[in-house]
Amino acid sequence: MRLPRLFRTTPFRLTLLFLALFAASASAFLAYIYVATAGEVSNRADARVAREFQSLEAVYARGGFPALNQEVIERTTSDRPLLYLLMSKTGAPISGSIARSPIPNFGGTRDWASFTLTEVEVDGSLVKRPARGLEERLSGGEILFVGADVSESEAYVNKILRALWGAGALIVVLGLAGGVLVSRNVSRNIAGLTGVIDQARSGDLAARAPVRGTGDEYDELAAGLNDMLGRLERSIAGMRHAGDAIAHDLRSPLTRLRARLEAAMIEADAGRSDAKLALHQALEDADGVLRTFTAVLAIARLEAATDAPSQAVFDPGELARDVTELYEPLCEDKGLAFEAEIALGLRLKGSREIIAQALANLLDNAVKYTPAGGAIMLRVRRRSSGEIEFSVTDTGPGIGPDDRDRVVERFVRLENSRNAPGVGLGLSLVAAVARAHRGRLELDEGPGSIDGGGPGLRAALVFPAGA
Amino acid sequence: MRLLIVEDDTEASGAMVTGLAEAGHDCLCAPDGEAGLAAARGGGFDVMVVDRMMPKLDGVGMVEALRRDGDQTPVLFLSALGEINDRVTGLNAGGDDYLVKPYALAELVARVEALSRRRETGSVQTLLKLGDLEMDLIGREVRRAGRDIDLQPREFQLLEFLMRHGGQSVTRTMLLEGVWNYHFDPQTNVIDVHISRLRAKIDKGFDKAMLQTVRGAGYRLEA
Chain A
1 MRLPRLFRTT PFRLTLLFLA LFAASASAFL AYIYVATAGE VSNRADARVA
51 REFQSLEAVY ARGGFPALNQ EVIERTTSDR PLLYLLMSKT GAPISGSIAR
101 SPIPNFGGTR DWASFTLTEV EVDGSLVKRP ARGLEERLSG GEILFVGADV
151 SESEAYVNKI LRALWGAGAL IVVLGLAGGV LVSRNVSRNI AGLTGVIDQA
201 RSGDLAARAP VRGTGDEYDE LAAGLNDMLG RLERSIAGMR HAGDAIAHDL
251 RSPLTRLRAR LEAAMIEADA GRSDAKLALH QALEDADGVL RTFTAVLAIA
301 RLEAATDAPS QAVFDPGELA RDVTELYEPL CEDKGLAFEA EIALGLRLKG
351 SREIIAQALA NLLDNAVKYT PAGGAIMLRV RRRSSGEIEF SVTDTGPGIG
401 PDDRDRVVER FVRLENSRNA PGVGLGLSLV AAVARAHRGR LELDEGPGSI
451 DGGGPGLRAA LVFPAGA
Chain B
1001 MRLLIVEDDT EASGAMVTGL AEAGHDCLCA PDGEAGLAAA RGGGFDVMVV
1051 DRMMPKLDGV GMVEALRRDG DQTPVLFLSA LGEINDRVTG LNAGGDDYLV
1101 KPYALAELVA RVEALSRRRE TGSVQTLLKL GDLEMDLIGR EVRRAGRDID
1151 LQPREFQLLE FLMRHGGQSV TRTMLLEGVW NYHFDPQTNV IDVHISRLRA
1201 KIDKGFDKAM LQTVRGAGYR LEA
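So the protein sequences, as listed, match chains A and B.
The first sequence: position 261 = 261 (our numbering), numbered continuously.
The second sequence: position 88 = 1088 (our numbering), numbered continuously.
Worth flagging that the hints you see were computed from the coordinates, not collected in a lab.
Just to be clear, a hint being listed does not mean it is correct.
As the list claims (entries may be wrong) - Far from chain A by the CB rule (all over 12 Å, computed), these chain B residues: (1) R1002; (2) G1024; (3) P1031; (4) E1034; (5) R1087; (6) Y1103; (7) L1105; (8) E1155; (9) E1160; (10) W1180; (11) N1181; (12) H1183; (13) P1186.
Claimed, not checked - Okay, derived cross-link-like pairs now, BS3-like style, lysine-lysine, Cα gap no bigger than 27 Å in a straight line: (14) A/K334 <-> B/K1101; (15) B/K1101 <-> B/K1056; (16) A/K368 <-> A/K334; (17) B/K1129 <-> A/K334; (18) B/K1056 <-> A/K276; (19) B/K1056 <-> B/K1129; (20) B/K1201 <-> B/K1101; (21) A/K128 <-> A/K159; (22) B/K1129 <-> B/K1208.
Note that CB positions come from ideal geometry on N, CA and C, so glycine has one too.
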């Protein structure tokens, strides 16, 4: 038989365990209280009996048996609430308030006894009361018993005992109730998370666990789960998008390639072809396809890796100087003013080769899109936040604020750049490089219109401080 | 040259043979690492082209075994694995160059020829000569037909690379790797601009243009 769900939960089991520990310590505590209170009450009653006994013994010591007998008779008839019995050496009652000794076979010299006192009330009914007494053989051989009715103290002790039992029961009940509440609460929270995981498992990656803003561990867990789902969703969406985009970007050049080859074949059959030209163009198309493929693969790898590969510490300024040296002549050739403002002596940890490629991509883009007469500026600096920034600013057409997020996606090329060479993967690759280094790609407006050009573009590759 | 091609994809090796034979080389093909190792141990090859991923014995294992034998024949690794780490693994295993698939045949031919040349120049040269062009690597001086040519440091490196591969085609990728040490393809014609500047310095005012453009491949420095 399976227990109800509540009783199977970990919090409930933990509650039971803690309850058991708590009950054990509460029992010890209650036992101590019992001993301290009830014990004290019965000790006091015993002490009273013992004192009375001593005073009678003193009488005996002074005046012997007759004086004691006299004293017992006197005390019996007075209002004292105690019980007395004086017996002969053989145990035969001589005087006292009770008929028989409560200790039937008294053989020793001194003995305490608890017993029940049966009394006849005025109306003739019998009442039983707890009593306790001390019996001792006196020096002359006679036996003296002194007892007391302990019903009152017994009742008091019983009250204490009942109170303690009540307290114990209350502890257990409250503990159980608390356990049930806590485990219900925990279970509800966990059930929410489990539900989200189930949803995600059945393919709904948009499911998110509620974050209540309390900042407790459930919130942390929910936030962690949400973050994980977000990444998963983005990466799957990215893959899906890449699939579509690859299909799209590869289909057109492959179609062109096929058409070109077919046309060349027809021309060759007709004997009037320059098949060589067609083949040359076909080869170029194939190269284009392969370039796209390589770029997509590079992005996918960067995004799949948790960290950029081959990390090392290097001077970002030196890297920029190297790349500048590679690109400067190209800018001059295209009639672009090139300016570099490079801070040296900075340190950056990352993959030098991959960052160089990203920077080269930014410069490729700037050179491609900036019309002759424009300017390009490369800058490397440390921001006041400690971040390392590589930025490339151009005076080209720029990218509108609405398009800036979009161009970082794979394959997006803006309408006005359709005719420029390249596969539109440049900025996506740069963004992927930044992400692989826990940095980011910032796109912004350039310096404004120069000679009727666009507002320009400032692309900054920003790496976190101490990266 | 006599070449050994170790590649399990027979169509790929067939295309390679076509390209390399066209360039005047004699090729022997092996379909896997074990066959490749056996053929290589027979000796007599100038350059080996070895695919990294193959059945039985992979390319890295094969080249490591060869190097243990003391065989120093230049090896060009071919691989679909293009990460920097993969490149380093290949070069550490004893490869001399690394070409990532897919590649252009012209690139393969150029690299194979460059490798064969590398072996010939065993000693350290301090003076390079090609036709009437002279390069003093110690004094950092360049002269053509007795006339001094003033080069920027990078232009000097570029010319040195071309001189060392004199008479052979070198591709843009080879230049980017060999001169700038970058392993990616730029989207723009950065290399062409550097070449045309160098060309302006070494060919301008002379009858014969030494720095030739090789269609579909790259450049060649000719005497």
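Right, here's what the structure says about each hint:
Chain A leaves B/R1002 outside its interface by the beta-carbon criterion, the shortest separation being 28 Å against a cut-off of 12 Å. Chain A leaves B/G1024 outside its interface by the beta-carbon criterion, the shortest separation being 21 Å against a cut-off of 12 Å. Non-interface status of B/P1031 relative to chain A is upheld: no Cβ of that chain comes within 12 Å, the nearest being about 25 Å off. For B/E1034, the condition that its CB be more than 12 Å from all CB atoms of chain A holds, with the nearest at approximately 30 Å.
B/R1087, annotated as away from the interface, has a beta carbon of chain A within 12 Å; the closest lies near 10 Å. Not every beta carbon of chain A lies more than 12 Å from that of B/Y1103, the smallest distance being close to 9 Å; the non-interface claim is violated. Distance to chain A contradicts B/L1105 as a non-interface residue, since its nearest Cβ pair spans about 10 Å, not more than 12 Å. For B/E1155, the condition that its CB be more than 12 Å from all CB atoms of chain A is violated, with the nearest at approximately 10 Å.
At the 12 Å boundary, the C-beta of B/E1160 stays outside the reach of chain A, the nearest C-beta of that chain being 16 Å off. The beta carbon of B/W1180 is not kept farther than 12 Å from every beta carbon of chain A, the shortest such distance being approximately 6 Å. Residue-level check failed: B/N1181 sits 9 Å from the nearest beta carbon of chain A, not beyond 12 Å. Not every C-beta of chain A lies more than 12 Å from that of B/H1183, the closest at about 6 Å, which undercuts listing it as non-interface.
Non-interface status of B/P1186 relative to chain A is broken: a Cβ of that chain comes within 12 Å, the nearest being about 6 Å off. For the hint pairing A/K334 with B/K1101, the CA-to-CA distance comes to about 32 Å; that exceeds 27 Å, so the pair is violated. Our distance criterion of 27 Å between C-alpha atoms is met by B/K1101 and B/K1056, whose separation comes to about 21 Å. Using a Cα cut-off of 27 Å, the hinted pair A/K368 and A/K334 holds, with the two alpha carbons roughly 9 Å apart.
Using a Cα cut-off of 27 Å, the hinted pair B/K1129 and A/K334 is violated, with the two alpha carbons roughly 34 Å apart. The straight-line distance between the Cα atoms of B/K1056 and A/K276 is roughly 41 Å, outside the 27 Å bound, and the hint therefore fails. Taking the CA atoms of B/K1056 and B/K1129, the gap is near 46 Å; set against the 27 Å cutoff, the hint is violated. Of the supplied pair hints, the one linking B/K1201 and B/K1101 is violated, its CA atoms being roughly 35 Å apart against a limit of 27 Å.
The hinted pair formed by A/K128 and A/K159 meets the criterion: a straight-line CA distance of about 19 Å does not exceed 27 Å. For a cut-off of 27 Å, the pair hint linking B/K1129 to B/K1208 stands: about 16 Å separates their Cα positions.
The structure fails hints 5, 6, 7, 8, 10, 11, 12, 13, 14, 17, 18, 19 and 20 (numbered hints given earlier, in ascending order).
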